[in-house]
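Mind docking chain C on chain U? Use the hints.
If you read the sequences in order, they're chains U and C.
If you're matching positions, the first sequence starts at 1 in the working numbering and goes up one per residue.
If you're matching positions, the second sequence starts at 206 in the working numbering and goes up one per residue.
For the record, the hints were derived by calculation from the structure and aren't laboratory data.
A hint or two may mislead.
[As the list claims (entries may be wrong)] In silico BS3-like pairs for lysine-lysine, Cα to Cα no more than 25 Å straight-line:
1. C/313 x C/273
2. C/273 x U/193
3. U/199 x C/313
4. C/313 x C/324
5. C/329 x C/273
6. C/324 x C/273
7. U/193 x C/324
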Amino acid sequence: MTVCWLRRLRRWAGSGLIIALNTLATGAAIGAEPDPLAHRFGGPFTLTSHTGQPVSDQDFRGRFMLVYFGFTHCPDLCPTGLSVLTEALEAVGAAGDAIQPLFITVDPARDTPAALAAYQKSFHPRLVMLTGDEPQIAAVARAYKVHRRKYLWPPTAGSTGGDYGVDHGSLMYLMGRDGTFRTLIPHGTPVDKVVAILKRYIAND
Amino acid sequence: MAKLARLGFLTSILLGSATASVAVERIQVTGEIVDTWCAITGIMYAYGTAHHQCAVWCAAGGIPVSIKSADGTFYMVLKIEDDTTSVANPTMLNVQTHNVTVDGELHKRDGVNYLFVSKVADDKGIVNMTHDDYGVVPFGN
Numbered sequence: 001m002t003v004c005w006l007r008r009l010r011r012w013a014g015s016g017l018i019i020a021l022n023t024l025a026t027g028a029a030i031g032a033e034p035d036p037l038a039h040r041f042g043g044p045f046t047l048t049s050h051t052g053q054p055v056s057d058q059d060f061r062g063r064f065m066l067v068y069f070g071f072t073h074c075p076d077l078c079p080t081g082l083s084v085l086t087e088a089l090e091a092v093g094a095a096g097d098a099i100q101p102l103f104i105t106v107d108p109a110r111d112t113p114a115a116l117a118a119y120q121k122s123f124h125p126r127l128v129m130l131t132g133d134e135p136q137i138a139a140v141a142r143a144y145k146v147h148r149r150k151y152l153w154p155p156t157a158g159s160t161g162g163d164y165g166v167d168h169g170s171l172m173y174l175m176g177r178d179g180t181f182r183t184l185i186p187h188g189t190p191v192d193k194v195v196a197i198l199k200r201y202i203a204n205d
Numbered sequence: 206m207a208k209l210a211r212l213g214f215l216t217s218i219l220l221g222s223a224t225a226s227v228a229v230e231r232i233q234v235t236g237e238i239v240d241t242w243c244a245i246t247g248i249m250y251a252y253g254t255a256h257h258q259c260a261v262w263c264a265a266g267g268i269p270v271s272i273k274s275a276d277g278t279f280y281m282v283l284k285i286e287d288d289t290t291s292v293a294n295p296t297m298l299n300v301q302t303h304n305v306t307v308d309g310e311l312h313k314r315d316g317v318n319y320l321f322v323s324k325v326a327d328d329k330g331i332v333n334m335t336h337d338d339y340g341v342v343p344f345g346n
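Isolated chain U (complex conformation) (with noise of 0.2 Å):
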């Protein structure tokens, strides 16, 4: 009997009904509805890798991209951020492979493209950093809705003066396959955590 099913339903599928019944089914016979969250936050960007390669979103099609933004002369937020980035690829494993991981820099004056190359190194290998011109960093923070703001750093002794410091934005965004948002992950959020979100989204999406 299910069998007979499956082929008129494979009958239907040259119809179009298919799509009719996803539609439905995904939609008002079930109550979902587009998450409202989808396209509040990310955007097309065009970067230039640790590599010195350039690399677009597209370039992530049909993978997550999970999205930190930071410097490398941060203090504080980056290194535990992306240690905790790091920790939770390591725990999720093979599967992680659906995840790719991006660091974009708020401080594009410092982080060339060597500077975040010997950076990298002391976390996930698979960690992408992403530097730009002034106007392309300032487009991909707006898009993903990150504040950063530039300070100086009081003077030392034995200093030239001029140093500085960026606040910026904390949050992790877990992009989906297809570039659009589906989650963030705060600092702070302890790494067993990051790991159930992290599977729950590749088992799901």
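The following block gives chain C in isolation, referenced to the frame of chain U:
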């Protein structure tokens, strides 16, 4: 095997993506604006005037603030009124530690309550005077 694949396909049609349906709720929340990082992790006492200085630094540094309601629920603020530029708008530090009532959209996701504030309906200022009991946390007097 082919049958199983077809059944899997049907199941996906009927159930849709498990992550596609995300409810939005309009709510009003009253509570203290707190330093999310310190309050959630519990790494130090993180409420009222005792923690105000540290909380301002966290907000300026990019940690989104939260509102802790009277029942202990945390709501992480991702947007404030007409701002569209920042998930962790540091202008929130101007109302850090205040007791506020806000209207907004609640998005529950992965165990976190994210709040998009459309309006600050009331601001009573700083009312939780904890510094007499706790000093200045974390740096002391």
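Now for the hints, and whether the structure bears them out:
1. C/313 x C/273: Holds, at roughly 15 Å.
2. C/273 x U/193: Within the cut-off at roughly 21 Å; holds.
3. U/199 x C/313: With a Cα-Cα distance of about 18 Å, the restraint between residue 199 of chain U and residue 313 of chain C holds, given a limit of 25 Å.
4. C/313 x C/324: This hinted pair holds, its Cα atoms lying about 19 Å apart.
5. C/329 x C/273: Roughly 15 Å between the alpha carbons, so the hint for residue 329 of chain C and residue 273 of chain C holds.
6. C/324 x C/273: 17 Å, holds
7. U/193 x C/324: 32 Å, violated
The structure shown violates just one earlier hint, number 7.
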